[in-house]
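Asks: Protein chains in written order, with my numbering: chain A, 1 to 425; chain B, 1 to 107.
Everything labelled a hint here was simulated from the structure, so no lab data went into it. None of these values were measured; they are calculated from a predicted model. Cβ atoms here follow ideal geometry from the backbone N, Cα and C, with glycine treated the same way. Misleading hints may appear alongside valid ones.
Claimed, not checked - Pairs of lysine to any residue, SDA-like flavour, derived with a Cα cap of 20 Å:
1. Lys-213(A) x Gly-183(A)
2. Lys-28(B) x Phe-91(B)
3. Lys-70(B) x Gly-399(A)
4. Lys-355(A) x Asp-96(B)
5. Lys-70(B) x Gly-397(A)
Unchecked claim - Reference listing, derived: stretches of chain B covered by chain A, where coverage requires no fewer than 3 residues with Cβ under 8 Å from a Cβ of chain A:
6. 34-47
7. 80-94
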Amino acid sequence: MSINRRDFLKMTVAGIAVGAFPGIAVAGSELLKKKGQRVVIVGGGFGGATAAKYIRDWSHNKVEVVLIERNAMFISCPMSNTVLGGSRKINDLTRSYDSLKKKHGVKLIQGEVTAIDPEKQTVMLSKGHLSYDRLIIAPGVDFMFDQIGGLDAKIADEKIHHAWKAGAQTVKLRKQLEAMPDGGVFAIAIPKGPYRCPPGPYERACQVAHYMKQNKPKSKVLILDANPDITSKKGLFMAAWNELYPGMVEYRPNAAVLSVDAGGMVAKTEFDDVKADVLNIIPPMKAGAVASMAGVVGADGRWCAVDFITYESKVHKNIHVIGDAVAAALPKSGHMATSQAKICAAAVIEMLQGKQPEQDPAIVNTCYSMVSDTDAVHVANVFRFNAEKQSMVSADGGGVSGKRSAEEGAFANFWLDNILDDVLG
Amino acid sequence: MIKKYLLIITCALGLALPAIHAQAEVDKHARNLAGSCAACHGTNGHSKSGMPTLAGLDRTYFVTALKEFKSGARPATVMQHHAKGYTDAEFELLADFFASQKVGKKH
């Protein structure tokens, strides 16, 4: 039996996990022997996986990259609303991390980070620890269940799903939609911005209405929006609701859900109690817990301030933050996370070599929303670094589709194929 | 004879080295700019889907197309939004980057 390095790595990690090496203080042991310069990345979503791949490729494999991710598989949040509409299954959005390991030499550890020591430059896992030269955290979002009375993670998992991270809850929400009687109400509660994927809830309303139109035409989608208005692609979504799903979508602005009664399936706003057959409460969000462990969350207790040349935290040196967790006037989207990840990857490589990173970053976001099974709309912007404001500012000329179209629907599908290949292929 | 060759080689190296160095610097900025294009057009412009491939595209064609997206002369769904956000000099950088990508190869 031949043992390659990857297998040996697996055996070692597994061995430590089951305590096969008695006498070793596992909490204090280095999980992987560090030889050269090492970047540890926590979180293997769009941002983290991109950073892992690009640091390997752009450093010509000179920098060691260890990616820590809690899930075995990658599931794309973009396009996951189409699972509700029925034009995709969750498996269509699921990818493995194999290419990152085999083609790009990323060392992948499936596990949970338990603590981070910014002084000793160490990440702790239950099985041991990893030391780093630079740490990139791409923790995505966590949900602030405490902001909505009667709601917690358990209830969200069992009954009142947010389905705002693609996966098990997406499938459960689809099942609730299938089980709903014709004439029922599907309520979507949107938190105040900033939240992950600004147009996502309105796209979801389209997808749910699309399913109802085919299967339960007497039913209704009720949108309870904590924001004073539709936050993204307003005219395009309103046109879709009015023209494709007339009378099926009701939109209520300034309707923050303050509490829920899971037993009676009631959502309470300041003004009234809303009973629904399916309650899809999307809670307010903050940077994922790893950001708190690293101590890089800002005074607002939610998001992380970074330098936009390097994505290095404003709090701790040698810790970079990318993706949804970043405090910025940038949309929290998958494409944006990959764009940030590449600027961060380039800067990290330069900094490890003692060189100055590029000072004039320009990045892009293109975001498609499927308003039916065939038609899509988009918003697209270039964002440039503004040295005076020390922030990313939207360049002139960005904007949304003139109208929804099947052509853009095709582009949206092409976008998904190419971005998933760029991140994981 | 040998001296003549050495002279040629020395001249060639002398000219080539700064050029290579300068190109490497330019490429990094272009590479970073081009990074954002990959979501739609594939890694380094190698599309794996129905989206147009940018890798190996003729640089004059690329610059002309981008300028026309910017002015509105060339109809588009998305590209006008992007083209307006870049300078003409950046079009040139991106054109060089994509033109230098080997077709049929990802990296």
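Asks: Take the region 80-94 of chain B, compare each residue's beta carbon with every beta carbon of chain A, and decide whether three or more fall closer than 8 Å.
Replies: n = 8 at 8 Å, threshold three: holds.
Asks: Check the hint pairing Lys-213(A) with Gly-183(A) against an upper bound of 20 Å on the C-alpha distance.
Replies: Since the Cα atoms of Lys-213(A) and Gly-183(A) sit roughly 11 Å apart, the hinted pair holds (cutoff 20 Å).
Asks: With the threshold set at 20 Å, check whether the alpha-carbon distance from Lys-28(B) to Phe-91(B) stays at or below it.
Replies: Holds, because 15 Å separates the two Cα atoms, which is no more than 20 Å.
Asks: Does the region 34-47 of chain B contain three or more residues whose Cβ lies closer than 8 Å to a Cβ of chain A?
Replies: holds (count 10)
Asks: Verify the proposed pairing of Lys-70(B) with Gly-399(A), using a straight-line Cα cut of 20 Å.
Replies: 13 Å, holds
Asks: Just to be careful, I want the Cα atoms of Lys-70(B) and Gly-397(A) compared with a cutoff of 20 Å; is the pair within it?
Replies: 9 Å, holds
Asks: Is Lys-355(A) close enough to Asp-96(B), meaning Cα to Cα at most 20 Å?
Replies: 24 Å, violated
Hint compliance for this structure: hint 4 alone is broken.
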